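Chemist: Work the whole structure out from these sequences, hints included.
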Amino acid sequence: MRIGVFVCQCGTNIAATVDTEAVAEAAMSMRDVYHAESIQYSCSDPGQRQVIAAAHQHRLDRVVIAACSPRMHETTFQRAVIQAGINPFMLEMVNIREQCSWIHEDREVATTKAIDLVAAGVARVRGQVPLKRGRVPVVGEALVVGGGIAGIQAALDIADAGMPVTLVEREPTIGGNMARLDKTFPTLDCSSCILTPRMVELKHHENIRLMVSSEVTAVRGYIGNFEVDIRKKATCVDEEKCTGCRICEEKCPSRAPDEFNAGVGESKAISIAFPQAVPLVAALRKEHCRQFIKGKCGVCKKVCPADAVDYEQEDELHTEKFGAIIVATGYRLFDWEGAYPDYGGGLYPDVITSLQYERMLSASGPTGGHIVRPSDGREPRDIVFLSCVGSRAESVGRPFCCNVGCMYIAKQAIQTREHLPDSRCYVFYMDVRACGKGYEEVYRRAQVEAGAVYLRGRVGKIYPRGDKLVVMGTDTLIGDQVEIETDLVVLAVGFAAAEGAGELARRLNIAYDGYQFFTESHPKLRPVETTTGGIFLAGACQGPKDIPASVAQASAAAAKAIRLLSREDLETSPMVAEVNHMRCIGCFKCAEVCPYNAIEKQKLHDGRTVAVIIESLCQGCGLCNVACPPQVISLRGYTDNQLISEVVEVLR
Amino acid sequence: MADAGKGHACGVRRRGRDDEIKLVGFLCNWCSYAGADMAGTSRLAQPAALRIVRVPCSGRVDPLLVMKAFQEGADGVLVSGCHPGDCHYNEGNYYARRRLELLKRMLPYYGVEPERFHYTWVSASEGGRWAEVVAEFTAAVEPLGKLHYAGGAPAAAAGEEDGDG
Amino acid sequence: MDELVKAITAALEDCELVLGWARDPATGAGRPERFTSAGQAQEAIFDATCVHNLAVHLPRLKQRRVGIVVKGCDARSVVELVVEREVERERVQVIGVGCDGVLDLKRIWRRHGYGVAIEDDGETLLVDGSEVERQPLLQHKCRHCLDADPSIYDVVVGGRTAEGPEPRGERQELAERFREMTPSQRRDFWRRQFARCIRCYACREACPMCFCRDVCIMQTQVPHWAGGEVNPKEAEMIQLIRVGHLAGRCTGCGECERACPVEIPLMLLMEEQNRALEEMLDYRAGTDIEARPPLLTFDPDRDLWGDE
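Residue numbers (numbering that gives the first Met the number 0), protein chains in the order written: chain E, 0 to 651; chain F, 0 to 164; chain D, 0 to 307.
If you are wondering where the hints come from, they were derived from the structure by calculation, not from laboratory data.
The reader is advised that the hints may include incorrect statements.
Claimed, not checked - Result set (DSSO-like, lysine-lysine): computed pairs, CA atoms no more than 30 Å apart in a straight line:
hint: 1; chain 1: E; residue 1: Lys602; chain 2: D; residue 2: Lys61
hint: 2; chain 1: E; residue 1: Lys600; chain 2: D; residue 2: Lys61
hint: 3; chain 1: D; residue 1: Lys61; chain 2: F; residue 2: Lys145
hint: 4; chain 1: E; residue 1: Lys131; chain 2: E; residue 2: Lys320
Note that the coordinates shown come from a computational prediction; the quantities given were computed from them, not determined experimentally.
Modeler: Next comes the structure, spelled out in structure tokens:
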């Protein structure tokens, strides 16, 4: 065993507080250290060449680099030692910068500590063995979960790159929330006009398989090799036969809530959510259907000219393999009613959400594009918009910004003036956030062209007066209370994670935050990756986002997926657990704690049943190592003896 | 074994003063180790008694390792992982929490003041908090002085009968 | 004990062997016995000298159908072995016996001579023909026994005569003293105790939950937790290993302490750990056959210790 120790000066970053020469000298006295030197910048090209040269000259088989955090340059030095003919796992980095020179002032103290840390690194590397990365083949197909604009974009990007994609959407149609919007800021172009061609393109793409009314129920496996259970829910309509004629919907006697229209208007138990739905196929909701509630009706089945209605249809279970998964499950609006009793908590019909307002603005919406008061169907004259309902509101536990409220209020104010030229719009706002490209201009238009009156402050209370509503708020700019009598109030309600997001995250084994938005692997540098390899995020499921940002993230996620799927196989980390089969007692406590189901039972020739690690599944957490009573499982790179020797050395 | 190699000088005691306390910290690679890095990047001065040992996950920390550290001369042991719910391995720190809490409750019976052991959660972005944790833990152990957990001479005469027979 | 003989004989129709006690001719006390035939079963006894926890043998008989005679405390070990999946409940015929506490034979023999005649009916104890106070001569664990009646059994034989005894006695006093010590006093206490350890591993061998047997990490180089020397430091590491490994497994049967030839009060640590687990998780090992070992699971909503 011949160890070389290289103590980096990092210019003066380390050398100013740590006597690197003294550390190198101390290292020379450590067991099996045959070479130690101080290097000015070890990560620089000359520095690395110095390491490689010394490794050759002193026939080193293990290297300790005392420098910055391994999180910084471990791969740099792994590459260097490979060039020196040394296995990259025979390298140990000792952090004497972030965790020593940068946090201590006393030179003697810092130097002593650095020597201790180097001794621990030497002890650790002594226990290291050469490791080889394994390889696992990659399944060349992607799964996209969620068929909103982010999912559509991601699926199309991957499919256009020539790779097969399955898109799973739990609603009967794709399109997501964007399909419910009338126009989109900042350009005020028609949402359907830009979205529906993408939906149709997706439907007809040769590389895309669309599964609507379907949900992911279980995910097994790992990057490159996921096995996913998908449940296709029975809609009582044969997708192949249905022509989308909507006669069933017209004749259906069972009324049902209209979720697509955010509760504005009513729908039928068998229906197509909107005219441009993709696939253009009816779906039956059993919980509202007379046939299923009362046991008799059968109208839709009778009237269907294509014989597509089938009450006996059952859920289908599919199990498919994918190499990459993109999660694009989007958002829903925050349930504001419970949190805002002062706004009527949903009791006043003329206090509506911005999404309901959006549906009214839509020409194909339930009011045919007419803005009316839900209470009496009259056209409103005065309309008050409230920003930040369930956003930036610590008091209701939603401290974050919804990212889009300011902009869609401005957009809706402009549209309101177009629809009702005599109307007056008031906007209560906290701050107007219009930082995107072309956004400030929309805000200006709302004020200047549409004449919207912006009042800076929160609204404290809304209450009815006659057939009108009184909005009481503060104008913090004039420092006074304001009271506006109005016909209609539109709440810019913030984002919440899609229903069941947390549950899906647990199935996928990805992290999520306290609001059930999925967590990216790194907020800046790995914004579309999750903590689980091979699963990527797109759109508002990761946090509130507008359409351009969702689409951009979807394309980024698609690029990551394409990069993964285009590989034939993947390298796996060799820092995984291993079992000493000779001594395994077969208690399988390891399997019980393994978060990745990476431990299998195997019967040996001698009749014993022992644990084996599926290396491609193991992520190297070491839980099994601790759970194993006779500790015959050890985590490579962090074996008990390595940790023990490290502890002994830092305490010597 | 390969121990036949060079250098037997490794066994020399390195530390100067005998009254200096020594602390060991087991930090998970993904959150706390990164948090400690961040404290360093932010140049947050910290007491120097702590020596950090990197582990993949707080769930990798065997309570026995903590006791081994005490036996080998640690005067305090700190374990820090990702916040509950944020574990890189999803649930490693949940297992760790049960084990470490039990250990904390057992320490006084093993003969170790509970203040000498602390487990906590520090995320990769909590550099400031990490510096505080180190300062507070060091300050908590310092008044207790050296532990001499194992191998030292018994304080009382060995003849005294404590058994039952 | 016709009833017991009958129960064992009945169990033998279904089982290869039944673990029980027979009288040791050398001491007159109970000793473990494997009954394999109806004839042999005639020798089966149960009285206050049947101290052993026979569950210790079950993991090694994993593949076979066996019967076992258990006291209440031993039954907890059987339950815990099922929980630990070391024993399949279906393969074990459990014959429960009512128990009024078993005797600390070592103490009796030390005072009255090895193999002295002992007669006990659960209330009155005659040693060498004369009555002695029974209660202080019981095993320490019996003095605060909560499990006198077996919690699982297929057959139950006999009943208890006395109410549960009061927890009093020298060992109990030691436990109380131990609880009052400061950590540093305990440090010295253990140093003295462990100085007597001869590393015979009897504590481990007697423990029904030490199912690793000959692959135990007390004696391995990989991992190298304990050195090979016989000294207080290594003795302490051995007990730290034992306590750690028995966390959530120890049912408090006291066999380790009973088996210790140098009489180190090993149960002091186990008792504290069991108490801590009960406080933390409301968990008592070996009382719920459906339970999961508490350190092999977690509950994010209830595990709210630490600084969050």
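Chemist: For each hint, tell me whether it holds in the structure or not.
Modeler: A quick look at each hint next to the structure:
no.: 1; hint: Lys602/E to Lys61/D; in the structure: 16 Å, holds
no.: 2; hint: Lys600/E to Lys61/D; in the structure: 17 Å, holds
no.: 3; hint: Lys61/D to Lys145/F; in the structure: 48 Å, violated
no.: 4; hint: Lys131/E to Lys320/E; in the structure: 27 Å, holds
In the structure shown, a violation is registered for the earlier hint numbered 3 alone.
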